[in-house]
Each structure stands twice: as C-alpha cells, then as structure tokens.
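Model the placement of chain Z on the given structure of chain E, informed by the hints.
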Amino acid sequence: MTITTTATPTLAEHPSVVTGRSSAWTAYLFLAPFLLVYLIFLVYPLFKGFWISLHDWELVGGYREYIGFLNYEDLWYDPLFWRTVRNTLTFVALTVPAMTVLALALALGVNRHTRTHGVLRGIFFASSVFSVSVVTLVWQMVLNGDRGLIAHFLRSLGMAPVDFLGHSFWAMPSLVVTTLWWAVGLPMALFLAGLQQIPGELYEAAELDNASRWTVLTKITLPAIRRTVMLVVVLQIVLQFQVFGQALLMTQGGPGDRTRTLVQYIYHTAFRDWQVGYASAMALLLFALMFLASMLQLYIGRRED
Amino acid sequence: MATVVLTDLTKRYGAFQALHGASLRIEDGEFIVFVGPSGCGKSTLLRMIAGLESITSGEIRIDGERVNETLARHRGVSMVFQNYALYPHMTAAENMGFGLSNIGTPKAEIETRVGEAARILRIEPLLKRKPHELSGGQRQRVAIGRAIVRKPKVFLFDEPLSNLDAALRVQMRAELARLHQSIGATMIYVTHDQVEAMTMADRIVIMREGHIEQVGAPLDLYRNPRNLFVAGFLGSPKMNFLDGRVKEVSAGRAMVDIGAATPLAVPVGRAIEPGPVTVGIRPEHLRLAPNGSGELAGRVDVVEQLGNSTLLYIDLGGQTQVVAEEGGECPARLGETVRLAVAPAAAHLFDARGEAVARSVS
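Read top to bottom, the protein sequences are chains E and Z. Going by my numbering, the first sequence opens with residue 4, and the numbers climb by one from there. Going by my numbering, the second sequence opens with residue 5, and the numbers climb by one from there.
Just chain E, with the same shape it has in the complex:
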C-alpha cells in the first residue's frame, strides 16, 4: 500500500499568514507615533504619579522618602481636601446638566440653513476660542459688586447691588454661569452635528403623523441624538471636574474656601507648598472620581439602550 502525503505548508509559509503578519507590522508602524506619545505623556506619567504619591516628595531639592499609602491616609483626615471635593462635585453637578441643556437648546435654535442662523452659530461658538483669563476678566466686569454691569442694572432698578464673587451663596453659581458662557460652543457644535444627521424625512413623516413640537423633540430628536448626548455629558464630566482657571482668577477659592476646587488645591499643594507626593495622591483620586462618573454615565446610557 502506498501512502501519498501532501506537504502541508506551515503557518509561517502560508501566504495569507505571511501577508497578515506583514500587514500587522505595517499597522504597528502607523500606530507607532501615536503610541509613543501616548506612552510617554500619558501612561508613564500615570504610573509615575502613582509612584510619587507613595512618597514624601518635595518639588525642589532631593528629599524623597517612601511612605507607602500615608499620603492617602492623610487625605482621609484633611478637611480642606473634602471641602474641595464637595465644591468640585457641586460645580460639576450644576455645570454639566446646565451645559448639556443649554447647548442642546442653542443647537436646536440655530439648526437652520439661513444666513442669520449661520452668523448666530459663529457667535455662540466664538466665546470658546477665548482664553480663561479673557473670559474671567469679562465676567468680573459683569459681576463686580461695585462697578459691574449687573450692579449698575440693579442700582437703576433701585435695588442694592450684590457682590456675586464675594458672596458665600452666589460665588459658585457665578463660576458656573461664566463656565457656561465660555464653554457652550463645543457641545453646541457636537449637538448640531448630531442634529444634522437626522434625516429631514423623519420630521416630514412626523408632521404628517400629527406630532406636536414637544412630541417631535422627545420622540424623534432626542432618541436620534442619544449617543451625542452621552458624548457631551461624558466630555463635560471630564472637563468640569478639572475646573481651575475660573476659580483661581475670579474668586481665588473664596469666600471662605467655598469655591476652592480640587485642581486648585492640587496646584497649591504641589507648586506653592512643594508637596508633590501629597498632590499626586489627590490627583489620582481626582482621576478615579472622573473615571467613576464617566463610567456610571456610560453604564446608565447603555442600560437605556
């Protein structure tokens, strides 16, 4: 009996595998520039930050002593840390929903193809290109309790002016309003992009289906841009947890630490008090907070799907 064997090509010899392997290398080559930047500027600092947070690490000089999780333990007993966490959470809780609703309302308002609406789109987006120092300067001129725009207006009505930025209740809402004015452009643009993806025929069908404006908004528009809403909310959570410039320049954290934010506290701890280890521990907790909030939002969104 003769047994005929056919030579089976090994994996490496197989033409499609060779092609697959070489195309994988090509893909890595194209990915390399991004991966390099990602590793050097994001992954490495994250781990380095964690490493630093395990030390009593001074900004200047060579004093670096490994202390394990002592910085995290100190945070637990630091009332100012918890104060800044509460302030930051308050700011996020006020800003994110307001920003989302405002951006959506503006996008719905300017989502028409006329010259006027084009100009309005430009105007609403324009504030986003200003730097935080310009924005805070403008709003200080508006909110100043003595010579501010609102103070003049209140006086003209015979009312006593309010020092918004120095007021224990109004200081935080003032930061929120400033932030809304400054940053509403990007979410508005995202919503506009989402709205423009909705086929016009759906609205025509809804018109023939007797749908009211409210029904159209809730039953057609919002479900159609559900993913954009999710994107905007997550982006806003990540951005607003990092609030810093407005609080530093407008209220300096006051009055009585009522607007002192977590990033501001981290900044002062690291660069004013030189306690980089302690600041790194706070930064990592901020990261965890942002991560948790974003994941929670994504989870809720997926569950609604």
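Keep in mind the hints are simulated off the structure, nothing from the lab. Note that CB positions come from ideal geometry on N, CA and C, so glycine has one too. Check each hint, because a few of them may be wrong.
[What the hints assert, rightly or not] Take a look, some chain Z residues computed to stay more than 10 Å from chain E by CB distance:
| no. | residue |
| --- | --- |
| 1 | ARG173 |
| 2 | GLU252 |
| 3 | THR324 |
| 4 | ARG357 |
[As the list claims (entries may be wrong)] Some, not all, of what chain Z presents toward chain E, calculated at C-beta under 7 Å:
| no. | residue |
| --- | --- |
| 5 | LEU56 |
| 6 | ALA76 |
| 7 | ARG77 |
| 8 | MET83 |
| 9 | PHE85 |
| 10 | ASN87 |
| 11 | ALA89 |
| 12 | HIS93 |
| 13 | PHE102 |
| 14 | GLY103 |
| 15 | ASN106 |
| 16 | ILE107 |
Same frame as chain E, but now just chain Z:
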C-alpha cells in the same frame, strides 16, 4: 377616499421655476402615477399636495376643499417616503401607531388598526421589531402600514420602490396594485420608472421640466404619444426615431421617405404639409424580413437574448441605430447584414416641432 383637483399650480425656488401651471383632476379611488425623468417636478408636485412644500400660485383641492393654507397634518393625506422614513428607535407597531397616538386615539383602537394593517400587509410577526432589524421590503411594508392605519383620504407614494432590488420591486409592485384594489383609496404615486407607471397606474401623468406633457391610461399613452418626449419615454427598449420626409399625402396616407427604396405609407388623421418629419417605430414593430424584402437594411451590432425575446441593435449607417425586437430566440449573428420590415400602420409621425401627427385607424 377623495378627489384631488390641481389648478394651475406653480412652484418657484428663487429664480428657478420647478413647476409651470400644472392642472389635473384625480378621481376618487384612482391610482395615478406621476412619471418623468429626474428634476421634472414630479416629487415637488407630490410634496405640494402633501403640504410639505409651499405653493407659489394655483390651487389644490382635496375632496372639494381648498387646502393651500392647510397644514400637512390636517390635509388627510398619508405619505410613503422613498427612504421609508421609519422612526429608528420605535418598533414596527409603534411606527404604525404613532400618528394615531398623536391624535389621542385609544390604545385598544390603535392596536386593532395596526393589527388589521399588519394582516393586510402580512407583517404580523414583525410588529415588535425595530426598523434596523427589518429587510428593505419589510421596512417598505411597515411604511405602507403606517400610511394605511390613519385611513387617509389620499395616499401619496414618493418613489417607494426605488431602494429595493429588482425582484422585490416586481413583488411589491404587485402587492401595491392588490392593496389599491382591496382598499380602493385614491393613490398618487411618483416614480421615474416607466415600467412601474405602466403596470400600476389607472392613469399616467408624464412630466418634463415642470410641465405636464400628457395624461392618460397607460396603453393610450403608449399607443398615442402626444410628442417625441412621451413617445421616447414610454416603452423599453425605447421607440426608434428615424429622420424622414413627407413627399405627399393622399387618401389619408402620408408617403414618407426614410431612405428606403419605397416610401412608407403611414396613415394620418389630418392633413400634413410635405416636409421633414421624425418617424417613430417601436422595436416590436420592426421585424426581420427575408432577403430582398423589407424597407431597411443594416448590420447587426449587438444581440441581446432575453429568452422570451431577442433584441437586435442594428446599425443602419450614418450613425443611425435602431432596435428591433424579435419574439423568442433569433438566429441573427453579430456583423450580419439583415433587412427589416416596418409595419406602416404602427409607425408614428412627429412634425418638425416634435408634436405627433394624429394617426387614423386604418
């Protein structure tokens, strides 16, 4: 069910006039098809009837009532869109019942009417699915179901089959015709496909560049096109056009020279001056003739075997090509010189302006 009367309707977009004074009466229960090439104004006209486009001038009456100023939602019309326009996050049943729930119809009645429409369209098992879980044909049925449940006075269809593959289109064509027969509603249907128009319509409205060119029953239009455009638009393959010259008219026949040995004696219904004309001959009226007979001779350029018939593309010389349709399988070979016989009674004459010369029944 209702009549629709259009009187001198025009539509203008800035400097561009999309519709030039369209007038038409659509009878109660009629299935009428607007057909024409892209940009002829057929969809604009449909959307004006729906209330989705404003009216520049003229009048629309539905069921005797002027609706120019009436909102689309109050006109009593339902529309099936080219891309179905189903609400993507709603199930098929919710899509179909959406219009009813918006006017406060009780839930039980919505369910009954949706169920009834689903039964007519045979989509009962699909009611809980969302549009992305349906095939093109199923989506189309849901879109039609959405139109049916509202029991409108007039159904409007805007190229509803253009996104379906050829086989499904044929099937849906038959289903729509059956639907029309069963519910007997007034239906206005827009298409650029003359086969759809021919097979489904009670009457066809042929449009070109914002004008209504001709209105009539499909076979009337096919047999008696008013002008060169209508003649060329209806029929597949399209009518052959040959340059000719009327030499004389006698005894109700125009003697037309088409470059053949003997002139073509075309029966005409009215006097026509001698001069240049265009002779229109449908492919099925051009037949292969035995050697030595037939008015035309040419070389076979392309042979298309369709099984039940054969299309011969024949080069007559001088850049003139005609298409002849032979029944069954034809033995003609590429490059072969053949002779063609023209049935004069079936020939159409068009004057220098492209208008048809009335034919007499010989």
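Now the hints, each set against the structure:
| no. | hint | in the structure |
| --- | --- | --- |
| 1 | ARG173 | 20 Å, holds |
| 2 | GLU252 | 58 Å, holds |
| 3 | THR324 | 45 Å, holds |
| 4 | ARG357 | 40 Å, holds |
| 5 | LEU56 | 5 Å, holds |
| 6 | ALA76 | 5 Å, holds |
| 7 | ARG77 | 5 Å, holds |
| 8 | MET83 | 6 Å, holds |
| 9 | PHE85 | 5 Å, holds |
| 10 | ASN87 | 6 Å, holds |
| 11 | ALA89 | 4 Å, holds |
| 12 | HIS93 | 4 Å, holds |
| 13 | PHE102 | 5 Å, holds |
| 14 | GLY103 | 4 Å, holds |
| 15 | ASN106 | 4 Å, holds |
| 16 | ILE107 | 5 Å, holds |
In the structure shown, no violation is registered for any of the earlier numbered hints.
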